[in-house]
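Protein chains in written order, with numbering that gives the first Met the number 0: chain A, 0 to 333; chain B, 0 to 286; chain C, 0 to 476.
To be clear, the hints were calculated from the coordinates, so they are not data collected in a lab. Note that beta-carbon positions come from the ideal geometry of N, C-alpha and C, so glycine has one too. It is possible that some hints are incorrect.
[Stated by the list, open to error] Cross-link-like lysine-lysine pairs, in silico, DSBU-like; alpha carbons within 35 angstroms at most:
#: 1; chain 1: C; residue 1: K459; chain 2: C; residue 2: K418
#: 2; chain 1: C; residue 1: K394; chain 2: C; residue 2: K172
#: 3; chain 1: B; residue 1: K172; chain 2: C; residue 2: K172
#: 4; chain 1: C; residue 1: K459; chain 2: B; residue 2: K172
#: 5; chain 1: C; residue 1: K25; chain 2: B; residue 2: K285
#: 6; chain 1: C; residue 1: K179; chain 2: C; residue 2: K110
#: 7; chain 1: C; residue 1: K418; chain 2: B; residue 2: K285
[Unchecked claim] Sample of chain A residues facing chain B (criterion: CB under 8 angstroms; computed from the structure):
#: 8; residue: M146
#: 9; residue: F152
#: 10; residue: M156
#: 11; residue: L170
#: 12; residue: R225
#: 13; residue: I228
#: 14; residue: Y229
#: 15; residue: L232
#: 16; residue: L267
#: 17; residue: L281
#: 18; residue: L285
#: 19; residue: E309
#: 20; residue: F310
#: 21; residue: V313
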Amino acid sequence: MRGFLDSLLSLAVAIAVGAVVAYISGYNPLLVYYSMFVVPFTDVVYVTSALATATPIILTGLTFALGLKAGLFNIGAEGQTYMGALGAVIASYLAASALALPLSFVIGISLAVAWAMVPALLKAYRGVNEVVSTIMMNWIAYWLVIMEASTTFSNPMQPSETIKMPPSARLTPLVPGTSLTAGFFVAVAAALLVYWLLERSVIGYELTAAGLNPVAARIAGIPQSRVVIYSFLLGGVTSGVAGVLQVAAMPPSYSLATNLANVYGLGLDGITAAMLGRGNPLGTLLAALFLGLMEEGARHMQALAMTPFEFVKVLQGIMILVIAVRMLELWRRR
Amino acid sequence: MEAALVLLTQTIHAAVPILLAAVGEILTERSGVVNIGLEGLMLIGAFVGVLVGDVAGSGLIGVAAAWAVGLLLGLLHGAIAVYIRGDQLVAGVAMNLFGAGLVAYGIQAVWHVAGYRQTPSWALVDINAMTVLAFAVAGAMWYILSRTRLGVAIRASGEDPEAAYSVGIDVFKIRLFSTAVGASLASLGGAYLSLAYLSVVTKDISAGRGFIALADVVFANWNPLLAIAGALVFGFFDALSYWLQIFGVARYEVTRMLPYIATLLVVAGVIGRAKPPRALGKPFRKE
Amino acid sequence: MIVLREIHKVFPDGTYALRGVTLELKAGEVLGLLGENGAGKTTLMKILSGIYEPTRGAIEIDGRPVRFRSARDAMREGIAMVHQHLSLVEELTPLENIALLEGPSLGGLGKLLRGKVEAIARSLGFEVEWDRPVGELPLGVRQRIEIVKALYLGARVLILDEPTSLLSPPEVKSLLDIVKRLKAEGRAVVFITHKIPEVLPVADRIAVLRRGEKVGEYPPSVGPDVLVEAMVGKLKSWTLGREGEPSDVVLSVEDLWVYDRGRPLLQGVNLSVRRREVHALVGVEGNGQEALVDALVGLRRPARGSIRAGGLVAYIPDDRHGRALVLDLPLVHNAVLGIHRRFSRAGLFDWAGARRFAAKLIEEFSIVAPGPDAPARSLSGGNQQKLVVGRELSKRADLLIAHQPTRGLDVATTEYVHKLLVDVRNAGAGVLLVSSDLDEALKLADTVSVIYRGRVVLNKPAREATVEEIGRAMAGL
Ligand SMILES: Nc1ncnc2c1ncn2[C@@H]1O[C@H](COP(=O)(O)OP(=O)(O)O)[C@@H](O)[C@H]1O
Ligand SMILES: [Mg+2]
Numbered sequence: 000m001r002g003f004l005d006s007l008l009s010l011a012v013a014i015a016v017g018a019v020v021a022y023i024s025g026y027n028p029l030l031v032y033y034s035m036f037v038v039p040f041t042d043v044v045y046v047t048s049a050l051a052t053a054t055p056i057i058l059t060g061l062t063f064a065l066g067l068k069a070g071l072f073n074i075g076a077e078g079q080t081y082m083g084a085l086g087a088v089i090a091s092y093l094a095a096s097a098l099a100l101p102l103s104f105v106i107g108i109s110l111a112v113a114w115a116m117v118p119a120l121l122k123a124y125r126g127v128n129e130v131v132s133t134i135m136m137n138w139i140a141y142w143l144v145i146m147e148a149s150t151t152f153s154n155p156m157q158p159s160e161t162i163k164m165p166p167s168a169r170l171t172p173l174v175p176g177t178s179l180t181a182g183f184f185v186a187v188a189a190a191l192l193v194y195w196l197l198e199r200s201v202i203g204y205e206l207t208a209a210g211l212n213p214v215a216a217r218i219a220g221i222p223q224s225r226v227v228i229y230s231f232l233l234g235g236v237t238s239g240v241a242g243v244l245q246v247a248a249m250p251p252s253y254s255l256a257t258n259l260a261n262v263y264g265l266g267l268d269g270i271t272a273a274m275l276g277r278g279n280p281l282g283t284l285l286a287a288l289f290l291g292l293m294e295e296g297a298r299h300m301q302a303l304a305m306t307p308f309e310f311v312k313v314l315q316g317i318m319i320l321v322i323a324v325r326m327l328e329l330w331r332r333r
Numbered sequence: 000m001e002a003a004l005v006l007l008t009q010t011i012h013a014a015v016p017i018l019l020a021a022v023g024e025i026l027t028e029r030s031g032v033v034n035i036g037l038e039g040l041m042l043i044g045a046f047v048g049v050l051v052g053d054v055a056g057s058g059l060i061g062v063a064a065a066w067a068v069g070l071l072l073g074l075l076h077g078a079i080a081v082y083i084r085g086d087q088l089v090a091g092v093a094m095n096l097f098g099a100g101l102v103a104y105g106i107q108a109v110w111h112v113a114g115y116r117q118t119p120s121w122a123l124v125d126i127n128a129m130t131v132l133a134f135a136v137a138g139a140m141w142y143i144l145s146r147t148r149l150g151v152a153i154r155a156s157g158e159d160p161e162a163a164y165s166v167g168i169d170v171f172k173i174r175l176f177s178t179a180v181g182a183s184l185a186s187l188g189g190a191y192l193s194l195a196y197l198s199v200v201t202k203d204i205s206a207g208r209g210f211i212a213l214a215d216v217v218f219a220n221w222n223p224l225l226a227i228a229g230a231l232v233f234g235f236f237d238a239l240s241y242w243l244q245i246f247g248v249a250r251y252e253v254t255r256m257l258p259y260i261a262t263l264l265v266v267a268g269v270i271g272r273a274k275p276p277r278a279l280g281k282p283f284r285k286e
Numbered sequence: 000m001i002v003l004r005e006i007h008k009v010f011p012d013g014t015y016a017l018r019g020v021t022l023e024l025k026a027g028e029v030l031g032l033l034g035e036n037g038a039g040k041t042t043l044m045k046i047l048s049g050i051y052e053p054t055r056g057a058i059e060i061d062g063r064p065v066r067f068r069s070a071r072d073a074m075r076e077g078i079a080m081v082h083q084h085l086s087l088v089e090e091l092t093p094l095e096n097i098a099l100l101e102g103p104s105l106g107g108l109g110k111l112l113r114g115k116v117e118a119i120a121r122s123l124g125f126e127v128e129w130d131r132p133v134g135e136l137p138l139g140v141r142q143r144i145e146i147v148k149a150l151y152l153g154a155r156v157l158i159l160d161e162p163t164s165l166l167s168p169p170e171v172k173s174l175l176d177i178v179k180r181l182k183a184e185g186r187a188v189v190f191i192t193h194k195i196p197e198v199l200p201v202a203d204r205i206a207v208l209r210r211g212e213k214v215g216e217y218p219p220s221v222g223p224d225v226l227v228e229a230m231v232g233k234l235k236s237w238t239l240g241r242e243g244e245p246s247d248v249v250l251s252v253e254d255l256w257v258y259d260r261g262r263p264l265l266q267g268v269n270l271s272v273r274r275r276e277v278h279a280l281v282g283v284e285g286n287g288q289e290a291l292v293d294a295l296v297g298l299r300r301p302a303r304g305s306i307r308a309g310g311l312v313a314y315i316p317d318d319r320h321g322r323a324l325v326l327d328l329p330l331v332h333n334a335v336l337g338i339h340r341r342f343s344r345a346g347l348f349d350w351a352g353a354r355r356f357a358a359k360l361i362e363e364f365s366i367v368a369p370g371p372d373a374p375a376r377s378l379s380g381g382n383q384q385k386l387v388v389g390r391e392l393s394k395r396a397d398l399l400i401a402h403q404p405t406r407g408l409d410v411a412t413t414e415y416v417h418k419l420l421v422d423v424r425n426a427g428a429g430v431l432l433v434s435s436d437l438d439e440a441l442k443l444a445d446t447v448s449v450i451y452r453g454r455v456v457l458n459k460p461a462r463e464a465t466v467e468e469i470g471r472a473m474a475g476l
């Protein structure tokens, strides 16, 4: 509850500061916020689009939240998402039937988990700081996937895309004319599952204890290596799923853009969501839905208020900055 | 021979932004504060440098502005870390998100182009002058930290703030000051990128250099002189990647991976020997 | 003359540490300040040295009221304190530590400083390696550096907080000589301790604190008995009935070597613990006890040697916050920490079972807590320790490692924990008691070992060992 109030407060501050930024840059703040927060609710197509936007953010948010629980700063969702998407593309290349869908998940998740395991093992056995290693893995993934997407798996018909998911393997819109697919429910289910796992399983207990006091945990027979590996493993799975869905459940293209446009920045959005949601999987879910709404709104803002889409990222940065300050606590301390 | 010389020059030039950010972070961390927002600070520095340099018609003013903005943002991070005792890692991540958002937004809002702006010729600064400056800063930082009473106070604040405070060192001020100056150097590194080295500002111009600088800090075991060596290693792979590309030895994408792979390997090899300041990242409170 | 008048101190967490203490201090005298752990000695002196501000009450110097807002203010009046946990920065050299006193500036460390510092050390009759990191110097030397620091600042009043707790007996003797020299120079010294025999030879006057109140002031001539009763009041102690004799070995350590960044912490330790035995490992703090315990519980990898523990190991660490509890989690979570796998039902947590278990611990060890869902942080120190002790004992382990298990506890809880340790022994387990409190060790032990500079230098049945003998072994003689 307190976390929720903190997040609301951070939103208020971000909106206030953002208004100044928008005004200085010559945009009308009222129109900016109207198009960002009101317009998305005016049409069911917009609402479903917001949910579709939120889908991968929920999943990458879970990656970061799982890290936070265990006291780790896992910034690697970005690269793991690329790898998941690459997995879906590889599956489309291998199978031209409905089989490509399950195969996408198998290959995508495997690649993402493999990508997550490098920093996890480096942390567990060499003590390498995970912030640095995950970022390096992100950049390596970035160039690797760009290379693969524009060579082996490129689409001869459309040079800016990879080959497409076979039609029978696609997750198509549940309501025709919208972009909402079953992928959204996969993401929500993942959040519920992660929440349940953390609360009810022994591994969840161990991650929580180790995240709060690693030394006491080690003495209690919970080695840091196990904690790091499980946390990164589960995180790799959710990010991998995010990447797969960005290809398999992404109308109309059902492919990966060769400049990675449909996966770029999702890992960072996930960090924002997890922080706004205070590292709690359900909080992360809520926050991701909110971010999806903001980004849908930002598209309207671009059209109506002529404001650059990235304005929404400025707002999010400010929100997290305020979260870092923990304003309410500051208040109470006086 | 000539080729080797060119490669060396390029190595040194590629090392500069990493060196500046790493030396700044060494100062910050030696005082006990972690700032993982270097990437965001570099981005903002690159952007502000071009923006102000363009308007003022002088690259030097652009550099100064970038440095000053970095100092202000460092004060903000320092205030959060030191006085408010907020979460330093979260604040650092926020700085990265904010920087990425602000610069992408700013490039659009100011120049009405998507994510890419050539630095106008009147805003460029001499790359060699900035290179010399960066190495001088590293040397000066080493001297200050190891040989002066200020340095002793900074190190004491990062190792054992309670002890430092008990003999009258204002740990809060020392940390705030160190964090601000440290951040300003990262921002300066960003200005170097856009005003001297790459002559362009893009929304991802820093390309992970802020994090490579974090790796360099560990590699250097928090010693500014060793940070020079580390920055040169990373700079070498950066320079090498362009060479391999020019000579068509490997695909463009493969060569671009090289600095990151090198960083990963170096960090994996070196850690364990490195010893961070004892109170690193731990907020200090009186009593 | 300095007067502390009617000093009260209430900490932000509500602890009422001092309840109207009045104390005088004259130049050229040594005041012994005696009291049990937690009596308020340190708090009182931190108020005099400007670290804490009193909640109520006044400080007067030569009849003039003063108010200290920081240690700096007190130093300006010539008052300096050498803390129990020394306030030297271990990574800096002694010289750099003293340079810190001059405040930050771009100036160098200076030759003048060095000359002055060396002169002070010489006047007190000792030598220091000025250019090695303090962390590499023995604790006794560090304490002297602290004294030099105080005198460098021109201290006329020197407060030594439990100065002997870090020292071996011969080092204690030379410290007492230093105290006498300081007194002869006309300085006032406050000597804080909870060990009576230490104050008797140096103090001119002894003030006793109990539970935040001054019980009285005595001349040293009153003798120990009066002082004991003043300190602790009438004490009801448990009888520690030992049953049975030590039998088969449950822990055997052979030729154990542990290094920390090239520095040897343990140099071939041999040790064994048997069932029905309390084996006390005593030594001055910092002689390798921590490294040994860390190796035993798997926090440190030995470079050489073997550790064989037969069966389940329970562990009561010296630092319960850092090592035994997760303060931000509820009591239930903490009650099962380390035995949590017993509550696994096909990978899922049996929270109902854990809750029942926690309730049983609360009951059995009379832990005062709001309930099983209260955060561990909200428990008082003594109840946190009971929780840890209770949890570890309920493991029914074959070996119990107890490291300073009563540090910081009140007298009643200390007695209770002592009884529990002997109960564990009588029930057939082996107990390794690592303690720097010789009295505690001798009270409980069947066997005593002394550790000095990473080696076990003495090992004997407790009833055959004399205090003098152990003291000398602790000093490496
Ligand atoms: N900073 C603090 N906050 C809260 N309680 C404290 C603090 N310091 C000491 N206390 C409490 O005050 C009482 C007196 O402590 P202290 O002066 O350290 O005793 P002594 O030095 O005689 O052993 C103890 O109950 C202790 O727990
Ligand atoms: Mg004390």
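- Message: Check the structure against each numbered hint from earlier and tell me which ones fail, lowest number first.
- Response: Hint check: 2, 3, 4, 7, 9, 10, 11, 12, 13, 14, 15, 17 and 18 fail, others pass.
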